[in-house]
Amino acid sequence: MAGFLQQLVNGLSLGSIYALVALGYTMVYGIIQLINFAHGDVLMVGAYVGFAAVVFLKLSIWWAFLLAMGCTALLGILIERVAYRPLRHRGAPRLAALITAIGVSLFLENSGLLLFRPEIRSYPPGLILNRPLSISLGGIDFTVTTFQVTILAVTGILLLFLQYIVYWTKTGKAMRAVADDADAARLMGIDVDKTISFTFALGSAFAAVAGVLLGLYYNAIDPLMGIMPGLKAFIAAVLGGIGLIPGAVLGGFSLGFLEALVSGYWSSRMRDPIVFLLLILILLFKPSGLLGKNQVEKV
Amino acid sequence: MALLEVENLSMAFGGLMALLNINMQVEEGDLIGIIGPNGAGKTTLFNLLTGMYRPLRGSIRFRGQDIVGLPPHKITRLGIARTFQNIRLFGDLTVWDNIRIAQHWHRNYGLGVALLRLPPFHRVEEEIARETQLLLEMFGLEPYKHEKARNLPYGEQRRLEIARALAARPRLLLLDEPAAGMNPQETRELMAFLKWLKEEFALTLLLIEHDMSLVMGLCQRIYVLDYGRLIAVGTPEEVQNDPQVIEAYLGQEVNDFAP
Amino acid sequence: MAKGKYIFWRLVALLLPYVLIQGLLGAGLISDFQQITLMMMGINIILAVSLNLIVGFTGQLALGHAGFMAVGAYTAAVLTLKIHQPFLLSLILGGLAASLAGLLVGLPTLRLKGDYLAIATLGFGEIIRGILNNVEYVGGAAGLLGIPRLTTWTWLYGFLVLTLLGVMNFVNSTHGRACLAIREDEIAAETVGINTTYYKVVAFSLGDFFAGLAGGLYAHYFYLIQPSSFSFFRSFDVLVMVVLGGLGSITGSVLAAMGITLLNALLQDLAEFRMIIYSLLLILVMIFRPQGLMGRREWSLARWLEKRGEARGPAGS
Amino acid sequence: MGANGAGKSTTLLTIAGLLKPQKGAIYYQGRDITGLPAPFLVKEGIALVPEGRRVFSRLTVRENLELGAYLVKDKGEISARMEEVFERFPRLKERQRQLAGTLSGGEQQMLAIGRALMARPRLLLLDEPSMGLAPMLVREIFRIIQEINRQGTTILLVEQNAHMALQVAQRAYVLVTGRIVLEGSARELLKSEEIRRAYLGGQ
Numbered sequence: 000m001a002g003f004l005q006q007l008v009n010g011l012s013l014g015s016i017y018a019l020v021a022l023g024y025t026m027v028y029g030i031i032q033l034i035n036f037a038h039g040d041v042l043m044v045g046a047y048v049g050f051a052a053v054v055f056l057k058l059s060i061w062w063a064f065l066l067a068m069g070c071t072a073l074l075g076i077l078i079e080r081v082a083y084r085p086l087r088h089r090g091a092p093r094l095a096a097l098i099t100a101i102g103v104s105l106f107l108e109n110s111g112l113l114l115f116r117p118e119i120r121s122y123p124p125g126l127i128l129n130r131p132l133s134i135s136l137g138g139i140d141f142t143v144t145t146f147q148v149t150i151l152a153v154t155g156i157l158l159l160f161l162q163y164i165v166y167w168t169k170t171g172k173a174m175r176a177v178a179d180d181a182d183a184a185r186l187m188g189i190d191v192d193k194t195i196s197f198t199f200a201l202g203s204a205f206a207a208v209a210g211v212l213l214g215l216y217y218n219a220i221d222p223l224m225g226i227m228p229g230l231k232a233f234i235a236a237v238l239g240g241i242g243l244i245p246g247a248v249l250g251g252f253s254l255g256f257l258e259a260l261v262s263g264y265w266s267s268r269m270r271d272p273i274v275f276l277l278l279i280l281i282l283l284f285k286p287s288g289l290l291g292k293n294q295v296e297k298v
Numbered sequence: 000m001a002l003l004e005v006e007n008l009s010m011a012f013g014g015l016m017a018l019l020n021i022n023m024q025v026e027e028g029d030l031i032g033i034i035g036p037n038g039a040g041k042t043t044l045f046n047l048l049t050g051m052y053r054p055l056r057g058s059i060r061f062r063g064q065d066i067v068g069l070p071p072h073k074i075t076r077l078g079i080a081r082t083f084q085n086i087r088l089f090g091d092l093t094v095w096d097n098i099r100i101a102q103h104w105h106r107n108y109g110l111g112v113a114l115l116r117l118p119p120f121h122r123v124e125e126e127i128a129r130e131t132q133l134l135l136e137m138f139g140l141e142p143y144k145h146e147k148a149r150n151l152p153y154g155e156q157r158r159l160e161i162a163r164a165l166a167a168r169p170r171l172l173l174l175d176e177p178a179a180g181m182n183p184q185e186t187r188e189l190m191a192f193l194k195w196l197k198e199e200f201a202l203t204l205l206l207i208e209h210d211m212s213l214v215m216g217l218c219q220r221i222y223v224l225d226y227g228r229l230i231a232v233g234t235p236e237e238v239q240n241d242p243q244v245i246e247a248y249l250g251q252e253v254n255d256f257a258p
Numbered sequence: 000m001a002k003g004k005y006i007f008w009r010l011v012a013l014l015l016p017y018v019l020i021q022g023l024l025g026a027g028l029i030s031d032f033q034q035i036t037l038m039m040m041g042i043n044i045i046l047a048v049s050l051n052l053i054v055g056f057t058g059q060l061a062l063g064h065a066g067f068m069a070v071g072a073y074t075a076a077v078l079t080l081k082i083h084q085p086f087l088l089s090l091i092l093g094g095l096a097a098s099l100a101g102l103l104v105g106l107p108t109l110r111l112k113g114d115y116l117a118i119a120t121l122g123f124g125e126i127i128r129g130i131l132n133n134v135e136y137v138g139g140a141a142g143l144l145g146i147p148r149l150t151t152w153t154w155l156y157g158f159l160v161l162t163l164l165g166v167m168n169f170v171n172s173t174h175g176r177a178c179l180a181i182r183e184d185e186i187a188a189e190t191v192g193i194n195t196t197y198y199k200v201v202a203f204s205l206g207d208f209f210a211g212l213a214g215g216l217y218a219h220y221f222y223l224i225q226p227s228s229f230s231f232f233r234s235f236d237v238l239v240m241v242v243l244g245g246l247g248s249i250t251g252s253v254l255a256a257m258g259i260t261l262l263n264a265l266l267q268d269l270a271e272f273r274m275i276i277y278s279l280l281l282i283l284v285m286i287f288r289p290q291g292l293m294g295r296r297e298w299s300l301a302r303w304l305e306k307r308g309e310a311r312g313p314a315g316s
Numbered sequence: 000m001g002a003n004g005a006g007k008s009t010t011l012l013t014i015a016g017l018l019k020p021q022k023g024a025i026y027y028q029g030r031d032i033t034g035l036p037a038p039f040l041v042k043e044g045i046a047l048v049p050e051g052r053r054v055f056s057r058l059t060v061r062e063n064l065e066l067g068a069y070l071v072k073d074k075g076e077i078s079a080r081m082e083e084v085f086e087r088f089p090r091l092k093e094r095q096r097q098l099a100g101t102l103s104g105g106e107q108q109m110l111a112i113g114r115a116l117m118a119r120p121r122l123l124l125l126d127e128p129s130m131g132l133a134p135m136l137v138r139e140i141f142r143i144i145q146e147i148n149r150q151g152t153t154i155l156l157v158e159q160n161a162h163m164a165l166q167v168a169q170r171a172y173v174l175v176t177g178r179i180v181l182e183g184s185a186r187e188l189l190k191s192e193e194i195r196r197a198y199l200g201g202q
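Protein chains in written order, with numbering that gives the first Met the number 0: chain C, 0 to 298; chain F, 0 to 258; chain Z, 0 to 316; chain U, 0 to 202.
Hints were generated in silico from the structure; no laboratory data involved.
A portion of the hints provided could be inaccurate.
[As the list claims (entries may be wrong)] Per label pair, the in silico range of CB-to-CB distance:
{"#": "1", "chain 1": "F", "residue 1": "Thr-234", "chain 2": "U", "residue 2": "Gly-23", "range": "49 to 55 Å"}
{"#": "2", "chain 1": "Z", "residue 1": "Glu-135", "chain 2": "C", "residue 2": "Leu-7", "range": "29 to 35 Å"}
{"#": "3", "chain 1": "F", "residue 1": "Glu-237", "chain 2": "U", "residue 2": "Gln-169", "range": "31 to 37 Å"}
Glycine included, C-beta positions come from ideal geometry on N, C-alpha and C.
Extracted from the complex, chain C is given alone in its bound form (with noise of 0.2 Å):
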């Protein structure tokens, strides 16, 4: 029972990662039905810029997610100004825009590796106390660590933040308008483009977040990082129900506990593969995800 509990714990910290990771793949999925494949690379991207902030600029590891999140911003604009406005555009069909974002992703990873070097870097220590906190609940013992609590109250800001924007902001209304009926969007006087950009901007600074946090946790670095993660998110998000806020945290949190479980009690090798086969399974039974509905399609 303690063993399982410790499982769960360590599950909700990198589950609370993976649900970073998926909003952004579930805002940018709900507003323009694109698999942003690229979205994992942004979070290396990220993970770079704040071991850059703390190591060259010697900054606070406060002001280095800042960094981290202005720059992946910045950068989640750029893809989507670059790469996907002229496709969408043109109304291209979405086997293009996916293999545009698959492209995205592999220039973005292989310029990391040249500019950044294969090599595997380590964010210096200290930077976030990390002293493990023994806890008895009801006669079980377990640890969590001061860096798991800080991982989770992290989350928990951005998530508050996120509602903030989405359903208080004009701007966040404006996306769920978009969203919803883009054209009727439009008739409202909204600039749909811009609200796509915001929407990447957005969803970029969270992976960025998600990318130093990992940084953190691995205590490495690396310009292939992104990859897993980002693959693993993008299941948490269609776990959840694709295009739902609340999905992809719901998601991000059941992978995180599912992948603790499975490394805990079987084999962490066999870890990845059962993550696919659940991915596979929710896509042919309820491919709608846990929190989506089952619509008919119309003809």
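We have chain C; now place chains F, Z and U onto it with these hints.
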């Protein structure tokens, strides 16, 4: 036995009834019109008849066989073909290929024959080519043979879609707004063409149409749908003078608006 | 008369590259490095053409091609290495195993549309890799070592021609046209009587059969196969070839596979740089020339001869 | 007015800037506005209530209305306008926290009109407001349309329900397959036999 029998057919989208208890009887050789205001459920009816949707309840019998739940391609093979309101051609393929593809289910050879180019390949391909040529000539599409379907003028695209449907050898042909986007002259031509088509291929025709001159001039019997319900059935004259139909189209006459 | 001439030219076109290179090999004029490039070219052509069948001709974006290549590679390698079966039989069985895997994957997933299918096939590719990583019988993560080097230029060329002929014959048949119809408009395809699910599965298992063959040929040329050689990067590689060459053009896939393999060899010390070029090409092609180099056109011997006024080929070839 | 497929919606969509005409020009208050983008035209006072209502179904009624005044910066102004809309459609006030997708057809139509009114248009384009509504509701909607017009908003109404439309309109154009075949004062057209022919065909 009627060619097509529809009983109590109903369909709903997200709780909204799109069709409610539709009953129809179509005899071999009939030419029938389906009319009704926007959103009345006409295309939904076609989608149910061709297996695109599964009805909420009700039955559809074609030549005595219950076809509810069959996938669209099986229904086509039983003898129902259709065209679409927004023309769905194989746009990047040539006119020639569009017609060849539609003969797929009745003129074919095995996968092994195809991979190894065994003798039946050439024989069947020649048959396909002959029939394709014949159809293109009949429909006046021969000059466009090697054009991509999407590059054809609008009227020719409509004609190609009908030709493609015929290549699938239907007994019952469903036409969804064949006259949409045509001017009066073209519509008159289409009318003559449809009459000829019906005789030439011994078809039974069911057509959704908004152009009343076409429907009234062509059809023996007209079904009128409104809000998913069948509100009238009859000859053109009967339907034109039916108060419910007039109301569906022109709205109620009410006098509570001061000018 | 004319037909006889056509067959003659066809044979010449078929045998010329083989004889030429076999001659050069025999004379020792091809270096080891060039030979590796040559073999990779052949393998990549098989992979690209077979993926094109699925993505370009049938319009189903599949991102797990490397996974099926792995199934073929491991099956064939286990058969020759551990069970001592003849090479030809092993290769064919490898192809069939990949094809069977494609069938198993295809049956449930093919009703998924577009991007969901893409991600599901990517997932399957990774599952296959995950399984290989965990099976000690095939060496786990370390892979299979010491596979006999049985793939020769003759074998490779034979299978290359087989693949090209097979795919071309398929594409230019009622069955291939059914696949094209699905790519163009799935709903319209159903309404003219095409069983779209059946043909998607056919395209998948046929394409995966050839991917499996390519895997077997690969395994028996490089002695060593590891799960990591079949990651989705490998799938993306093949996708780049298909997209650059033109979705739906066999000629395009052949040319692009040759060109990219050559570029790979030339820039082999600059791997990241090379991938940056490919990714940029991928993006630029999608934005400015989405039809790829060749579009959907094919180079055809018959037409070429026709242009020269020498022979007349049968319609449609 | 005109039967299905006559080109009515196309005309409205083109005026509202969602479609670009192949030829011809559109003048609004004496200015050529052909091909200008929709957001710009909203600012200039043209608002369209699209066919099928197109409310933002996953947003609340209140949010839908707020988006109607998207280009208005002044918060006080927005809430003043919202009060006006609520006065006109008390039903919307009751349901302001509900998701628009859960409203009935008639309520959605009211919301769509209310949303357009939030922009305070000078020219209101209405595309088939009666579509899919029960006769009772149609009458209510038309009463409101007439009221809006009387209070000084110019309205261009596309409608299949000819009798209803001609009773609230001052003038009408009848379209058949993309051409204007009839035009004149509503009162004259109401009596004309030709209208019926344009809709139901005949001899």
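Output the indices of the hints that this structure fails to meet, ascending.
1
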